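Trainee: What follows is the residue order along each chain.
2 protein chains.
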Amino acid sequence: MPVLAGINSKVLKNGDSEPSPPPAGIYRIYNMRFCPWAQRALIYASVKNVPSEVINIHLKEKPDWYFSKHYKGQVPALELDEGKKHVIESAHIPEYLDDLFPESRILPSDPYEKVQQKLLLERLAAVAPAFYAAAQAANNPEGRDEKYAALVKAFEDAEKLLTGDFFSGKAKPGFADYLIFPNYQRVFWLSHILPNSPFSSESFPGPNFPKLAKWYRTLDSIPEVAAASQPTEMGVGFFNDYLKGTPNYDYGL
Amino acid sequence: MPVLAGINSKVLKNGDSEPSPPPAGIYRIYNMRFCPWAQRALIYASVKNVPSEVINIHLKEKPDWYFSKHYKGQVPALELDEGKKHVIESAHIPEYLDDLFPESRILPSDPYEKVQQKLLLERLAAVAPAFYAAAQAANNPEGRDEKYAALVKAFEDAEKLLTGDFFSGKAKPGFADYLIFPNYQRVFWLSHILPNSPFSSESFPGPNFPKLAKWYRTLDSIPEVAAASQPTEMGVGFFNDYLKGTPNYDYGL
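Residue numbers (full-length UniProt numbering), protein chains in the order written: chain C, 1 to 253; chain S, 1 to 253.
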């Protein structure tokens, strides 16, 4: 059974015809190769070994038919049951996959531990808006210091929240680890580009964040996570264009 | 066993001492009587008959100790296990209560039906920011038409999404119904105050929304929902002050 088949296929865009529904038993993920939210679904499918295929979508020239998969036209969307069912939103798709495939469950079964993982993820997700603000500052020095400071603050908060090796609180990564990793990976890519980056691209995020640095290295080296990630040079290249306002969703293909 | 004991107690504020932990088996909800998000937890506890007590918090003069219950100091927060456990966030507390008390489960057990209820709630929640924008327009005519139009649009979208009697898709109300009701109740209160309100306070929301009107009447008349709600005159009175910038969290007590 394939897992994440077609992850590096070119995007479908307005004018392209709608692909036929996924075959029975195959879970299709609508994706954009550099989208951190869609990557959450990819990582989960990869770690859980879900039979899956990926279709990439042009986010500036969306096909009309895509709005029948996601009413807002965003990624990710999960399509199953030969096209008859859809699940959207980056935090809901993983939980749904856990409910559907409990034998490879990543979220805890205990209600209290489960809800704490979801709440921790939401708390850690403060890194995302801080990242986008800092990214905008790359080409615009105005307010750059404040934006960098806000991003550093998000990292400091995460460093404090990381009390063991993983945000799961266990000996192996869990829901919060896998789902927040893509956001950190975006900052890692950005650290190659940002003028006076507050983070080290060599020993990311740098010596002030020893726990996060070890965590990032560990997550990054998990084969199932790597299989759901773009290589660093692709990510850096994409963001170079993105910051100029000309993202190339097929960068490197 | 009491349910929602103390729902009309006066707020605790900065300087007030921390209450002793809830007794074993009692679920404490930190609340503000007019907060639609906290009311989600109250309705769920009421419908599920969870042994519970309510402590109201002054949202402009928060007690320092409250930040140990909710790191942002917001309501709702659920406190249990004699003060040793906390669950926050208005959509997570209800799901947690369903996991904890599965015999009175409101969310569907089927994974697909469950995630669709959660996604539908998020879609319906577009009414909330539109409500706050329209409320600000009460005392400021600038941009009022656009703000009213956005709120009407949220109602039109909901009217379309309500394909049966309830957002649950079943013969009785479910997760999405109970959790979105407080937001509609706020618009109902506001319709008594708004100059040129686009909604009728007599047959709320009005003749253009026949399905929502029936839905609202039905939800409003459920005793367990009423027990978790403030009476109309209280809500209207609170919002009158709120719109002047001087909310009285103990209004009517």
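Calculated from the structure, these hints are not laboratory results. Quantities reported herein were computed from a predicted structural model and do not represent experimental measurements. One thing to keep in mind: the hints can contain errors.
Given that identical chains are not distinguished, each listed pair holds provided it fits within a single copy or across any two copies.
To be verified - Listed next, the in silico SDA-like pairs over lysine to any residue satisfying Cα-Cα at most 20 Å (straight line):
| # | residue 1 | residue 2 |
| --- | --- | --- |
| 1 | Lys172 | Pro102 |
| 2 | Lys172 | Tyr112 |
| 3 | Lys170 | Asp250 |
| 4 | Lys114 | Asp99 |
Trainee: Which hint numbers doesn't this structure obey?
Mentor: Number 3 only.
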